[in-house]
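Protein sequences, first through last, are from chains A, B and C.
The first sequence runs 0 to 350 under numbering that gives the first Met the number 0.
The second sequence runs 0 to 374 under numbering that gives the first Met the number 0.
The third sequence runs 0 to 120 under numbering that gives the first Met the number 0.
In short, the hints are calculated from the structure, not lab data.
Please note that a few of the clues may not be correct.
[To be verified] In silico lysine to any residue, SDA-like type, Cα no more than 25 Å apart, as pairs:
1) C:Lys78 with B:Gly180
2) B:Lys158 with C:Asn38
3) B:Lys152 with A:Gly272
4) B:Lys158 with C:Val56
5) B:Lys184 with C:Lys98
6) A:Lys125 with B:Val349
7) B:Lys294 with B:Val231
8) C:Lys98 with C:Ala48
9) B:Lys122 with A:Gly15
10) A:Lys292 with B:Lys152
11) B:Lys158 with C:Ile100
12) B:Lys158 with C:Val21
13) B:Lys158 with C:Leu17
14) B:Lys350 with A:Ile87
15) A:Lys226 with B:Lys294
[As the list claims (entries may be wrong)] Using C-beta positions, here's what the derived DEER-type ranges look like:
16) B:Tyr167 with C:Glu117: 41 to 47 Å
17) C:Leu18 with B:Arg165: 36 to 42 Å
18) A:Pro33 with B:Ser174: 40 to 46 Å
19) B:Tyr167 with C:Val21: 26 to 32 Å
20) A:Arg167 with B:Asn171: 25 to 31 Å
The beta-carbon is built from N, C-alpha and C at its ideal position, and this holds for glycine as well.
Chain by chain, the residues run as shown.
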Amino acid sequence: MEKMRRILLKFIDEAGWPRIIIGFFLFSLFAIAPFVGVRIDTSLKDVFVRVGMNGVMVLAMVPMIRSGCGLNFGLPVGVIAGLLGALICLQFEIVGMTGLFTAMIISIPFSVIFGYFYASIINRVKGAEMMIATYIGFSVVALMCIGWMLLPFTNPIMVWGFSGEGLRTTISVQGYYQDVLSDILSFRIGEHFYFPTGMFLFLGVCCVGIQLFFKSRTGLAMTAVGKNPDFARASTVNVDRMRTHSVILSTALGAIGIIMYQQSFGFIQLYMGPFYMAFPAVAAILLGGASLKNATITHVLVGTFLFQGIVTMAPSVINSMMESDMSEIIRIVVSNGMILYALTRKELYRR
Amino acid sequence: MKKKFFHNEERTFFFTDHAVPILFLIIVAAGIPLSGYSASYLIQEMLLRLSRDSFLVLSLLVPIMAGMGLNFGIVLGSMAGQIGLIFITDWGIAGIPGLFIAAVLGTPVAVLLGYLCGKVLNKARGKEMVSSYILGFFINGLYQFVGLYMMGKIIPIIKPEILISRGYGIRNAVSLVGIRGALDKFLDLKIMGVAIPVTTYLVIVLFCIFIVWIKNTKLGQDMRAVGQNISVAELSGINVNRTRTISIIISTVLASYGQIIFLQNLGTMNTYTSHEMAGVFSIAALLVGGATVAKASLVNVFLGVALFHMLFIISPMAGKRLIGSAQLGEYFRVFVSYGVISMALVLHAVKARAQNARQRIQMRTEINAEVGEAE
Amino acid sequence: MSLKKRIFIRIVSISLLLLFCVFLAYIGKQHSLLFDNRNKMINGSKYEARYLYNVSVSGSDPELVEIGDVIRFDVVGPKHLVHVQILDEYENVLREISKPINLFFENFHTLYLPLLAEGVD
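Take the sequences, apply the hints, and build the full model.
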């Protein structure tokens with residue numbers, strides 16, 4: 000009995016109360032669902048699809064956290080790189096899986112260039128990375144608003160009809176690469192349940208890739224830089240260069256992540272679309288157990304599942320119960336609440 | 000030897016110290032002729048916006064003094080002020096009495112929210128700005144909950160006109176026609192066709208004096224001590240957490256008054272969005288005026304509001320004339336606003352690290368010198 | 000300063016502030032003044048709406064109230080002077096009445112014009 004209590008307390012201590020509360024909340028939502036007319040299979044499908052959609056962007060948080068750069072509030076930089084890749088793919092009318100992977104591959108050089116400049120700023124402001132990352136992200140999105148209006152794209156589905164001036168705000172990817180990944184090996188159960196196996200396979204590959212990367216020499220060096228920069232420097236690791244690598248990696252994952260998101264969501268969102276995209280990803284990884292210094296793949300998967308679960312289930316269940324739309328409020332309160340919790344926790348090791 | 004070294008360094012710092020306002024001045028100066036607006040129009044607009052927006056920016060000064068950086072939590076104060084305005088609109092109280100009562104109603108809410116904000120920021124030492132930023136979003140969620148689900152249901156509302164058709168929840172836009180211009184027009188002067196809202200300026204001046212007065216009280220001295228060096232302040236017996244919390248509370252309360260002043264000028268309140276921009280725009284304006292995360296003065300406030308809002312006014316027209324699209328002018332303005340904040344934050348962080356490094360080197364040379372003498 | 004004295008001063012200050020706010024609400028309250036020109040039954044007596052009225056509140060432009068009409072004036076503040084011209088069908092002025100009113104915290108206040116014409120209330 001005593002041993003069980005101790006194990007339980009240890010679990011609570013490691014998991015943290017917010018995670019437990021939210022996990023409980025999510026579980027109870029699923030329990031209530033059938034009683035208020037919400038189908039569990041539809042809900043599960045929605046949750047799984049959303050986890051696949053957002054997974055890679057949450058994964059993008061990991062490199063920068065590990066290298067001590069904090070939460071990547073500047074994820075929009077990576078998103079923009081991905082958007083450029085996607086737009087170019089559409090411009091040259093490359094469809095299907097080829098299109099999807101072309102978009103990803105094209106976005107990589109953009110990610111590297113953007114990431115490099117982003118990193119050079121991050122390296123100069125050690126200690127204040129998160130705030131500055133947020134505003135760099137905003138500035139880049141705003142700058143690209145101008146870009147979207149001026150860049151010379153010509154594919155008619157992308158630009159405004161009559162004037163031909165500037166890209167549309169939302170561009171559909173139907174006919175290009177919508178669901179191409181999700182549909183691979185996907186299966187349906189009954190009329191309502193659909194599991195996007197392809198997306199999860201890809202997410203799995205990315206996760207395994209990152210896991211292996213962090214076991215490599217560069218990955219270990221990156222983690223060392225995050226845990227103890229002075230020790231790393233003493234071991235002849237170039238701290239700044241590792242941080243730059245981590246930023247570029249995060250940015251590239253962000254680019255791939257937005258393309259994954261698009262293939263499931265069905266639309267490319269330009270202009271102010273990417274503005275707030277960092278926040279759900281940040282909230283998700285924190286919800287999964289990451290801190291400002293430490294992040295693992297488990298955190299990514301658990302966190303994305305919990306976060307998307309809440310964001311999907313709570314509105315539909317509560318809407319059915321109360322006939323009103325609280326989805327926006329729930330999302331705001333949960334995601335920002337999680338981030339606040341992480342920010343106000345006492346860290347065991349101070350920098 | 001040492002003195003000369005620092006003298007040279009200090010001179011080259013003028014441009015980097017004031018890079019942001021200088022850059023902004025150049026952009027604005029280039030944009031004004033482009034926009035084609037007349038001088039009198041611009042001056043009129045400027046006086047109007049200064050009266051409307053300065054108070055909110057003023058509320059940012061106190062936390063900077065206490066070393067807490069840019070208080071994105073003034074959004075909380077804005078929400079408190081708006082709650083006060085919702086009630087006086089519901090109770091049908093107009094004019095200056097309405098404004099005063101709105102302020103009285105908003106103050107306890109602002110104090111409570113400010114206290115909460117202070118507690119959160121104390122727990123997130125070193126990450127105050129991000130925390131206040133996120134806290135703003137979080138409380139916004141709660142505010143929306145209160146506004147959409149509690150008003151009219153649990154909180155009694157008398158006038159059905161301000162509620163949504165379903166019977167509870169405040170409308171998206173609430174007309175503040177009862178207090179529109181109440182403060183501005185109470186005493187106004189017309190000089191050469193330009194209307195100057197004298198009362199509003201009087202209120203602003205009053206609070207400028209208030210802020211200066213606070214600096215010289217014991218509380219103010221405590222705040223500055225905490226702002227300069229937390230450990231030293233703690234050793235001197237100052238209750239650091241309490242001082243920091245008080246600075247945030249003051250800031251939040253001032254922000255609630257600032258939002259009331261802002262809205263009485265506009266005349267309409269967008270219940271769920273009017274306060275969002277309070278934080279970002281006020282902070283951008285302050286930074287444009289040359290303030291940094293560690294230091295801000297009254298000059299920064301007014302210069303910043305003038306420059307920042309000047310950009311606001313001229314961008315659409317300038318964009319239209321230069322590139323043919325007003326929308327582009329708008330995007331350019333958004334980009335410049337956020338870019339300016341980024342730049343100011345980066346410059347501050349870089350300078351702070353350089354300063355730390357120099358201090359360390361200086362300490363080391365001093366220690367070495369002492370050791371050398373002792374030998 | 001002892002704790003008790005401080006608490007006492009704070010309670011007094013807040014009470015004064017609240018009283019002041021009540022006073023301000025009295026001064027700044029918006030009211031809707033309704034002028035009702037329809038037949039009214041009060042206490043067993045019937046008052047017929049026979050005349051037309053020109054109503055002006057605190058110096059505003061006069062509004063015509065026809066028989067069966069109810070018009071509304073939105074005013075701010077407690078004290079107002081209501082100026083009523085009683086008219087016949089051809090809009091000739093028969094009589095003029097000036098009546099000061101004092102409003103407290105009500106949102107609506109109705110003046111029944113037929114009663115006013117008979118000199119009641």
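Going through the hints against the structure:
1. C:Lys78 with B:Gly180: With Cα atoms ~22 Å apart, C:Lys78 and B:Gly180 stay inside 25 Å; holds.
2. B:Lys158 with C:Asn38: violated, 29 Å
3. B:Lys152 with A:Gly272: It is violated: about 35 Å lies between the C-alpha atoms, which goes past 25 Å.
4. B:Lys158 with C:Val56: Judged against 25 Å, a Cα distance of about 24 Å means the pair holds.
5. B:Lys184 with C:Lys98: violated, 30 Å
6. A:Lys125 with B:Val349: Roughly 9 Å between the alpha carbons, so the hint for A:Lys125 and B:Val349 holds.
7. B:Lys294 with B:Val231: The given pair, whose Cα atoms are some 19 Å apart, holds under the 25 Å limit.
8. C:Lys98 with C:Ala48: holds, 19 Å
9. B:Lys122 with A:Gly15: holds, 17 Å
10. A:Lys292 with B:Lys152: It is violated: about 44 Å lies between the C-alpha atoms, which goes past 25 Å.
11. B:Lys158 with C:Ile100: holds, 24 Å
12. B:Lys158 with C:Val21: holds, 20 Å
13. B:Lys158 with C:Leu17: holds, 23 Å
14. B:Lys350 with A:Ile87: violated, 40 Å
15. A:Lys226 with B:Lys294: Not satisfied, since the Cα-Cα distance of roughly 32 Å exceeds 25 Å.
16. B:Tyr167 with C:Glu117: 41 to 47 Å: holds, 45 Å
17. C:Leu18 with B:Arg165: 36 to 42 Å: holds, 38 Å
18. A:Pro33 with B:Ser174: 40 to 46 Å: holds, 45 Å
19. B:Tyr167 with C:Val21: 26 to 32 Å: holds, 28 Å
20. A:Arg167 with B:Asn171: 25 to 31 Å: Cβ of A:Arg167 to Cβ of B:Asn171: about 27 Å, so the range 25 to 31 Å holds.
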